[in-house]
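Novice: One-letter residues, chain by chain:
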Amino acid sequence: MTAKPRILMDAGKMDRTLARMAAEIREQESEPLAVVGIRTRGVHLAARLRDKLQGIDESEVDFGILDINLYRDDLSMVADHPVLRKTEISFPVGGRRLVLVDDVLYTGRTIRAALDALTDLGRPTAIQLAVLVDRGLREVPIQADFVGMAVPTQTDQYVRVLVREEDGADRVELGERAVPKRDEP
Amino acid sequence: MVDLGDRHLLGTEGLTSEEITLILDTAESMVEIGQREIKKVPTLRGKTVVNFFYEPSTRTRSSFEIAEKRLSADIVNFSASGSSVSKGETLLDTARTLEAMEPTFIVIRHGASGAARFLADRCRASIINAGDGMHEHPTQALLDAFTMRRHKKKLAGLNVAIVGDITHSRVARSNAYLLATMGARVTFCGPATMIPPHVECLGARVELSMEKALEGVDVIMMLRIQRERQSRLALPSLREYTRLYGLDRRRLSLAHPEALIMHPGPINRGVEIADDVADDQRSVILEQVANGVAIRMAVLYLLARNWDAHEAS
Numbered sequence: 030m031t032a033k034p035r036i037l038m039d040a041g042k043m044d045r046t047l048a049r050m051a052a053e054i055r056e057q058e059s060e061p062l063a064v065v066g067i068r069t070r071g072v073h074l075a076a077r078l079r080d081k082l083q084g085i086d087e088s089e090v091d092f093g094i095l096d097i098n099l100y101r102d103d104l105s106m107v108a109d110h111p112v113l114r115k116t117e118i119s120f121p122v123g124g125r126r127l128v129l130v131d132d133v134l135y136t137g138r139t140i141r142a143a144l145d146a147l148t149d150l151g152r153p154t155a156i157q158l159a160v161l162v163d164r165g166l167r168e169v170p171i172q173a174d175f176v177g178m179a180v181p182t183q184t185d186q187y188v189r190v191l192v193r194e195e196d197g198a199d200r201v202e203l204g205e206r207a208v209p210k211r212d213e214p
Numbered sequence: 367m368v369d370l371g372d373r374h375l376l377g378t379e380g381l382t383s384e385e386i387t388l389i390l391d392t393a394e395s396m397v398e399i400g401q402r403e404i405k406k407v408p409t410l411r412g413k414t415v416v417n418f419f420y421e422p423s424t425r426t427r428s429s430f431e432i433a434e435k436r437l438s439a440d441i442v443n444f445s446a447s448g449s450s451v452s453k454g455e456t457l458l459d460t461a462r463t464l465e466a467m468e469p470t471f472i473v474i475r476h477g478a479s480g481a482a483r484f485l486a487d488r489c490r491a492s493i494i495n496a497g498d499g500m501h502e503h504p505t506q507a508l509l510d511a512f513t514m515r516r517h518k519k520k521l522a523g524l525n526v527a528i529v530g531d532i533t534h535s536r537v538a539r540s541n542a543y544l545l546a547t548m549g550a551r552v553t554f555c556g557p558a559t560m561i562p563p564h565v566e567c568l569g570a571r572v573e574l575s576m577e578k579a580l581e582g583v584d585v586i587m588m589l590r591i592q593r594e595r596q597s598r599l600a601l602p603s604l605r606e607y608t609r610l611y612g613l614d615r616r617r618l619s620l621a622h623p624e625a626l627i628m629h630p631g632p633i634n635r636g637v638e639i640a641d642d643v644a645d646d647q648r649s650v651i652l653e654q655v656a657n658g659v660a661i662r663m664a665v666l667y668l669l670a671r672n673w674d675a676h677e678a679s
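Protein sequences appear in the order of chains A and B.
So the mapping is simple: my numbering equals the position in the first sequence, first residue as 1, plus 29.
So the mapping is simple: my numbering equals the position in the second sequence, first residue as 1, plus 366.
Keep in mind that the hints were calculated from the coordinates and are not lab data.
Mixed in with the good hints there might be a few duds.
[What the hints assert, rightly or not] BS3-like, lysine-lysine: derived pairs with alpha carbons at most 30 Å apart:
#	chain 1	residue 1	chain 2	residue 2
1	B	Lys519	B	Lys406
2	A	Lys115	A	Lys81
3	B	Lys405	B	Lys519
4	B	Lys406	B	Lys435
5	B	Lys413	A	Lys115
6	A	Lys115	B	Lys435
7	B	Lys435	B	Lys405
8	B	Lys518	A	Lys115
9	B	Lys520	B	Lys405
10	B	Lys520	A	Lys115
11	A	Lys115	B	Lys406
12	A	Lys42	A	Lys81
13	A	Lys115	B	Lys405
14	B	Lys518	B	Lys578
15	A	Lys115	B	Lys519
16	B	Lys413	B	Lys435
In this text, all values refer to a predicted model and were calculated from it rather than measured experimentally.
Please model the entire structure based on the sequences and the hints provided.
Specialist: In structure tokens form, the structure reads like this:
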């Protein structure tokens with residue numbers, strides 16, 4: 030028997046949090062801007078941030094999708110190997126300010142891999158990191174520029190971000206490790 | 367399931383449709399890397415691949431090499447010079463030598479059927495069969511399937527005619543296994559002397575008349591007539607072969623109007639395939655070569671994950 034997970038965010042709070050993050054991203058003026066989501070859930074959050082950014086003013090914000098599986102340093106340690114999917118970045122990366130988007134920032138290894146993947150595509154003027162939840166416990170020196178919510182956690186806990194496009198609902202959960210098939214390294 | 371079941375790729379026989387689909391889907395993602403300015407990812411960094419080619423091969427070896435380089439592997443190329451030692455002994459000795467280099471992968475092309483399996487049973491490395499005798503050439507069948515799927519959207523229900531020396535063709539064998547697993551219908555066509563006995567166990571139908579074999583097919587796969595082995599081919603003459611089994615305009619018109627023309631290469635213009643047919647816009651022969659790199663990257667990547675999991679446990 031495991032305890033029910035604690036709800037850190039419901040749909041309303043997730044939406045308000047993303048709106049605030051978009052405002053913070055927009056505050057720093059340096060065009061042109063692009064958001065790049067890390068597969069899988071980062072993609073949906075990035076798409077929502079892009080819509081909110083375009084809602085703030087009329088300017089176009091480029092949107093891309095990054096698959097970091099070929100850049101991982103822990104191929105063998107993820108129990109469920111995700112299927113390799115396409116990186117879809119159709120705009121030139123050079124000369125842009127890129128905001129990398131992921132759902133949970135944990136060890137930082139995914140972001141390290143993402144930085145390698147991005148720099149292989151070109152030379153952006155800057156790369157920034159936006160995450161919905163920062164749960165601490167870093168294993169590499171990486172920090173986010175835009176954080177939706179910072180939650181101190183233990184390694185035997187899990188943080189799950191659910192998005193309606195994949196999971197049918199918008200929610201962030203914090204629970205005790207027992208269920209978590211989907212890990213966020 | 368999102369992993370291959372085995373540490374080796376020895377053939378398409380025994381691959382499940384899920385495994386084949388996984389390889390083809392992964393290859394779709396690999397195509398994107400080939401379109402980048404910097405066509406390289408660090409996935410196989412620190413892993414050594416031995417390309418061990420006992421038989422001459424240009425396209426398969428360079429295709430593997432490009433795939434390995436795009437994934438940042440270290441590469442050692444081995445080609446066998448003519449040796450008087452009997453095949454079994456040589457291969458075993460060589461296997462031991464190769465093992466000493468601690469490669470993650472050994473890509474092997476060998477004239478003896480079963481050579482890849484022989485190494486797999488004796489080596490720690492993951493073995494990839496790049497063609498063994500008259501047995502299998504799995505990456506060729508996978509790239510063929512990838513090419514068909516890209517044009518025809520799905521493999522199930524496709525009618526595929528494979529024309530040529532079926533008996534000696536590992537390409538035909540690997541394609542037959544794979545296509546049968548994926549639900550395509552395969553027809554073998556060639557002179558009776560080039561059709562092996564008990565061919566129905568490959569899941570293919572036999573049709574000796576090329577005209578009948580091509581009727582309405584979605585894919586025509588022409589095999590190379592191995593001129594250098596003509597004495598072994600039981601053929602009265604090349605000219606007679608061309609007259610009965612060469613793909614020309616007239617025969618092409620019997621197939622589906624949008625039929626793909628495929629050939630594993632190298633092509634003998636004017637023998638198994640007419641000049642203008644090889645250059646027809648329905649010919650995907652060069653696409654097959656390009657797709658080979660993506661397929662081999664996918665196979666290397668998926669086997670490397672299994673290797674890492676195996677080493678970790």
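Novice: Could you tell me which of the hints above the structure violates, numbers in ascending order?
Specialist: No hint contradicted; all consistent.
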